Every structure is written in structure tokens, then in C-alpha cells.
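There are 2 protein chains.
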Amino acid sequence: MTHLVIIGGSDAGISAGLRAREIDPTSRVTIIVADRFPNYSVCGIPYYFSREVPDYHNLAHRTADDITAKGIDLLLAHTAQHIDPAAKTVSAVDEAGQQRTIPYDKLVIGTGADAIKPAISGIDLEGVFLLRTMPDTLAIDAYMAARQPQSVAIIGGGYIGLEMAEALTERGLQVTLLERSATVLKTLDAELGALVQAELTRRGVAVHPRIDVTQIARDGEALRVRGADGFSRAVDMVLVSVGVTPQTDLAAAAGIELGLRGAIKVNPQMATNQPGIYAAGDCIETWHRLLNEYTYLPLGSTAHKQGRVAGENAVGGAATFAGTLGTQVVKIFDLVAARTGLRDDEAQAAGFDPLSITFAATDHKIYYPGAHELAFRITGDRASGRLLGAQIVGHKHGAVAKRIDIYAAALYHGMTVSGVSDLDLSYTPPLGSPWDAVQMAAQAWEAAARVTA
Amino acid sequence: MTHLVIIGGSDAGISAGLRAREIDPTSRVTIIVADRFPNYSVCGIPYYFSREVPDYHNLAHRTADDITAKGIDLLLAHTAQHIDPAAKTVSAVDEAGQQRTIPYDKLVIGTGADAIKPAISGIDLEGVFLLRTMPDTLAIDAYMAARQPQSVAIIGGGYIGLEMAEALTERGLQVTLLERSATVLKTLDAELGALVQAELTRRGVAVHPRIDVTQIARDGEALRVRGADGFSRAVDMVLVSVGVTPQTDLAAAAGIELGLRGAIKVNPQMATNQPGIYAAGDCIETWHRLLNEYTYLPLGSTAHKQGRVAGENAVGGAATFAGTLGTQVVKIFDLVAARTGLRDDEAQAAGFDPLSITFAATDHKIYYPGAHELAFRITGDRASGRLLGAQIVGHKHGAVAKRIDIYAAALYHGMTVSGVSDLDLSYTPPLGSPWDAVQMAAQAWEAAARVTA
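Residue numbers (the working numbering), protein chains in the order written: chain A, 271 to 723; chain B, 271 to 723.
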């Protein structure tokens, strides 16, 4: 009987535990969870702030009872302190300071990532918050209940920053969004990022691109946020969401090899350099299927996949992680923005000879009511004709997320752009076109490639 | 300069013409169109009856002007009468009886399919209509305007029958739907067909499965529809939509080889057995990518693909039709039903050893408002683990159509069911799950296959 110990009770850790029990019902699985929120959906936090999810307990993908019902032992509110690969033990401490040593046959590290704390003076002031974990969430919630802030500055125009801008606007706060780059959502090309920015502005969010925040200071009852170039605004609360950094101190101390940005190095089976120790999720380097190299690209969907592979292999399986394509989607008010694969600049940097085009088509036949325009970016390699990446921005009822998934499936198989037209996709006038918009966009790329050849 | 003549102005013919002009702008293209409705969306007709499309002219994918602006000559209201492959001419006659002979270098036949006229006594009575073409549409429309029918019997529970049931219910008619099989939409497994039937009933459609209509007779002002087993109902109008048959008399008379159900035989380049003559769309046999054989499976999306291949090759290209997977979708009131690949019985008949499972999952995280349950059927081959088919029924805002397309892309590449979990699909709580529902359904199949292995 294998005793599998897992450090971390978020997506990767829970996925590993569930898969291990599924593949080998005789295995014993113990998951060490630093807080009391196992399997919480970090991606769901903004919807608690908007009160679309009134009770934060509902953010759990599964309850603790669901997990233990699968035959998994949960050690809640235990912090792992030390891994001893030679003795095959993990030491952990609970909230009361009680220490214990847990022996393991196999270990999965799923310690995740921490919010980056940028070098802004005043970042530790009361009313200034990082946002990553459930404890962060509860702290902000308590502050809002006590202080009833009327305005907030959000530093960082990535997914969480934009979703929180929507959520707090819905709660009635005046939101100021500060982004260092030229457009928000810089994971998209600027043309499509501009569409997202327009939606935010339309909904009353004050969007300030190209602002490098340097200082937060008390200003009477308020907090004054100052940027380079003289930017200055007084607000009642500040949220900081400028990315994450892998949490790998424990792994490093155990002699586990780290790579890019301090993330744990793993092989395609999710094994680290230490025998019997696997790692998965936001604390590891991730294989990129198109780039053919490791990247640091922490995403919940990827963490689930990697955790599942690690859990299967920890109990004797031979699963392989197929790699990421960086497929991502975000909903901002009524707009959805999604991408998969490489943008033009990324493709160029990777040694391709990319051609990228912009294209617009409606989500379904325009004669049927409720058609929405979708904006596409298609990137392909001129020499080989290979599809390299796609981006779509459009209405939340335009099936943007599942349309990007069609490109993701095409990319997975290394299809050419013209190959996308060969896919036998579904058609009915209220939901699509005889050539789906994803195929029309691919055909527009083909035509452009023919002209520029 | 190639003179390409195309017989037929619907999806296949127009696609062929447009592609020929795109690939070879020096080519001359003439399209012979039997009516005055080139490039009309037959699939859009029900939405004219519902008045969601108030003006039927909007059903054209392109106007005649759009088409001629691409450098294509349209011969409207001309019926092709004879093809002479030796002389390379087509003779056609206009409404005034004026004949003309048109020489061609290459010919594309896109004559489509006719509605099947079943052997029901009384089918030629006034008030009884087949529904396939724009002239049919206008005839029904005129009858409805003159007679103001309050009730209708629709014979045939396929796509058009169901869409017309919705449309005429929306127009205020009492609709009786008569289907010969045990459930409507027999293109789906009965379990999922039952969900569609329930939606129709909920919306006030009187659904009568297992009714074999034998007679329609005048009954005072009304029409009485009688079936075997004593079924009898009086209605004001009858629509008959029980399938189509390829229109290939012209081709047969020209010595072009026919196959299944009288459809034209073509090779993967869309060439017939007669040199220089191609065919595409609802008048031909279609290669099935999974069955590895020809079938008769007329669909608008397929006609576009085949027309494009025929048009490209007619002007010297070397395009190949990649084959159909039978991907289909239909919206019925608030429900969407879709399928791709093979059902269990079809897989069995094709020599696979299929396992099919039923599975339910919400379209997005259940904690976010507005989640809809999706019902899945997954069919895979026990021996190889290969995905063979998928069916989904769910709410119109559940991205059912584009979710079936993810399976269609997987099928195209011959993926295993478990391979679907490797796809890097997009995730955000309002639109999906870390494992998309399509992956959860695949994992449920895997678990079932493990248990039954």
C-alpha cells in the first residue's frame, strides 16, 4: 500500500489525490493544507466580491467532506516546514504550534504561487491588499464591511485585476484601474486589448494605462496613489494584483532543482530530480507544446492536468503531461476575451516567421436576431502554413471560450491554418454559420498569406 | 482562361464559383440557377416563418449583386436540361421557354436534393405542403396569409420539422408533430431525443411519436390526418418534411455514375467519372472520415466544403475533401441538441466494439449564476480507446454547438477518449470548469471503460 503525501490543497494537490485514489483504491493519501480552504476556486474569488456568489463557501470545487469521502485524509491548517528526501518524511506544524512528522512513500508538491508584492512605497498600509488567497479575501471583505469604501484603485490590469474591477463596480464602488502597459490584458494583442478597455470605460471604470505606481500614502481618511509622470488619485482602498511567483522554498531546501523564475523543474511525468517526489501546478515550470520548451505559465486548468498526471504516476501509473498552449479566457462585464497559442511577438521570438491578421465575423448568421460581432487575431507561420495562435474578443453569448477551444484543439494537433477549414463543425443559423467564424478567420489568414507570399 | 460552368445556385454551387474566382481571378464563372434565389440559406427558412427574420430576402448568404461583384455571371431562372460531356456543353431554358447552349471547360454539378414526397394518400391536397425550397416557402406563406390557419400538423420530427414546430408555435398556431420513430430527432440516442421531446411538449407542441401517417383527407374546412393505429386529427394545414433525395437526373442522363440512394459518385477531389465534371453538395455521396466509406449525408456545412474543393480543382487546384463526421446541431426553443461522429448502433454496425455512456455536467461552475445542465452521450471503442462519437443536449446559452465542435476536432484527429483530457481548453468560472464539461464526460467514459474492462 503506497502512502502518498501531498503538500498543498489547491487544484494540483487535490487533483493528484483524487486521481491516485481512482487509479489505485488501495493507496493511502494524505493532503497537507496550509489553510482551512481545501480545493477552493481561486478563480472564483471575484464573484464572491460581486456577490454573484453570496456565500464564499460555495467557491470550493468540493467540500472537505466530499474529499474525505473519496478516502483522502486532510490535514487542514497545517504548514509543511521541511521535506527530508532521505528519510522520506515531511514535517508540519499546526496552528497551535504542534509539530508532526509524516512519513511518505511518494510525495507530490503542490505549494502553488504567492502574489507578487511590488516595490511600491506604502504597500503595507492599512487598506492596501494583495489578492490571491482566501485569507486575503476575508481580510478585504472585513475591511469593506467596516469601512464601506466608496472608491478603489486596482493596480494591475491582468485577469484578476479586471475581474475585480467588474466585481467592485457592480458593488457600487468607483474603480480606478492602473496598468503599467499600453493596454489592459496585455496577454492579448493591443488591438483586442483596446476592446476590453473600451468595455471597462463604458461601464464606468476609470482605466489608466501606462501608469507605473510608485507610492501609496495616507491622505487624511483616504489613500493617495501616486505614479511616475505625476499621476495622483485619492481612494478608499487599494488592491494590488500584478502577478504571482512560485512558492518553492520548501522544495529548494530539500534539494529539488529549480528553473525559470524559481519554479520547480519536472519531467513530462511530473517527477522532480528527487526520487519519489513529484510536483504540479503553479509552483512548477510548465512544458509548452508549441514552443517546445519549459515556461512559467500558472493556470488553474493546467494545475488540474499536472496534478492528475502526478497523482497517477505516484501510484505506479505512466501518465504524461501533454503540455500547455497557454489557452486562457476572461469575462469582463458582457465581453469575453480569449487566447490560445502564441501572439505574433511570441512567435517571432520563438523563431517562426509569423503573419498575423485581424478579422471580424458575427457569431451566427446575421439574419437571425442577436448576432454579435467577434474580433479575431490569427497568427500562422508563413513558411509552413502552420497555425501558431488565435485570439478572440466578443460578447459573452458569442461562445468565445469554446471557439478558442476549437483553435486549441487544432494547435494541439499541429494543424495548418488552412486545415481549420477541413474541420467538420456544427452549423445552425441561430448559433453559427456554414463556415464557422473560426474557419472564416482562418480563410482570411490564408488569403492574406497568398497576397503577401 | 478557364470557363467554369456551375449548375445550381445554392451552397455548393456558389462556394465553387467563389473559390474558383479566388484561386484564379482570370477564370470565367457562370452559375445556372433554377429559381431567382441564389445562395439562399435553406436552413434559415424556419426563422422566416417565425418572423425572427421579417424579410425573406435577408435569408440570402449573399445577394445576387454580391455574387456578380465577385466576377461571377448568374443565369437566374434558367433550368439546365442536358449536359453533353463530349461537346462540353450544357443546355438550359429560361422561364419564357428560350433555350441556350452554354459551352464549358469545366463543369460543377450542384443540383442539390428534393424533398421526399412520401406515399400518403391526399398529399397533393390544397393546404398540404412539402418544405424545401424558397418557392415552397412562398407558397406556404401565401396560403397562411389567405387562410389564417390556427393549427398545423407537421409530419416528420427531424431538424426542419422541429424548427418549423417552434416557428409556427411562435406564430400562435397549435402544432401537432407526427414522427414515425419512438422519439423525435432520431439522429440522437433516444435518451437525449426524449429531452428534446420534453421541451417541445413544455412549449405546447403536441408530440406524437410512433405515428405512421397513411392518409390526409378533406374534412369540411379542415384537413384530417390519419395514421395507422387509429390516429386521427383535424388541422388547418399540413407540412411534410421527411427527408430528401438527391436530384441527379441530369447527371445520370450524361453518363455520370451514381451510387448510394442515387447520389453522384465522386472522388476525394470532387471529380465524377466524366472528365472535367465535378459535383458537390446534397446531390453527391459524401466520404465519412470515421466510417472510411461513402454515405449519403446532405448538410449545408458539408456542401460549402465540397463546393470549395470542386471550385478550386476546376481551375487547376489540388484540394481534397477531408470527409464528414456528421456533425450537426439544432436549436429547439431554448434547447440545443448536437452530435458528431457515430452513435452506439452506428459504431456497432461499422464493426467497432463501442461503449456508450450518459453523463451530466453544468456548462460552467455551478457557483456562478446561470449554470445550465448539459446531457452528454459519449461513444468510444473499448479495444482501442478511440473516441467514436458524442452527443450533447442543453440550454442555448450552454455553448452546446461549439462544445460538440471540440469533439469534432478530436474525432478529426482520431484521438482516444482519454486524449480529450489532454486538450488545453479555456477556463473561467462564468463559462466553464477547470476540466471542461467535455473533458469530464470523457473521464466518465474512461472510468466506465475501466470498470467494464
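Hints are computed from structural coordinates only; laboratory data are not their basis. It is possible that some hints are incorrect.
Copies of the same chain look alike in the list, so a pair counts if it works inside one copy or between any two.
[As the list claims (entries may be wrong)] With a straight-line Cα cutoff of 20 Å, these simulated SDA-like cross-link-like pairs (lysine to any residue) come out:
id, residue 1, residue 2
1, K666, P639
2, K387, L625
3, K666, D604
4, K340, A714
5, K340, E716
6, K666, G640
On a predicted model such as this, the values are computed, not experimentally measured, just so you know.
For each hint, the structure was consulted:
Within a single copy, K666 and P639 get their C-alpha atoms as close as 15 Å, and across copies as close as 14 Å, so both meet the 20 Å cut-off. For the homomeric pair K387 and L625, neither the shortest alpha-carbon distance inside one copy (37 Å) nor that between copies (52 Å) is at most 20 Å. Taking the shortest alpha-carbon separations for K666 and D604, both the intra-copy value of 5 Å and the inter-copy value of 17 Å come in at or below 20 Å. In this assembly of identical chains, K340 and A714 lie within 20 Å of each other by CA distance solely across copies; the values are 16 Å between and 50 Å within a copy.
In this assembly of identical chains, K340 and E716 lie within 20 Å of each other by CA distance solely across copies; the values are 18 Å between and 50 Å within a copy. Taking the shortest Cα distances, K666 and G640 sit within 20 Å of each other both inside one copy (12 Å) and across copies (12 Å).
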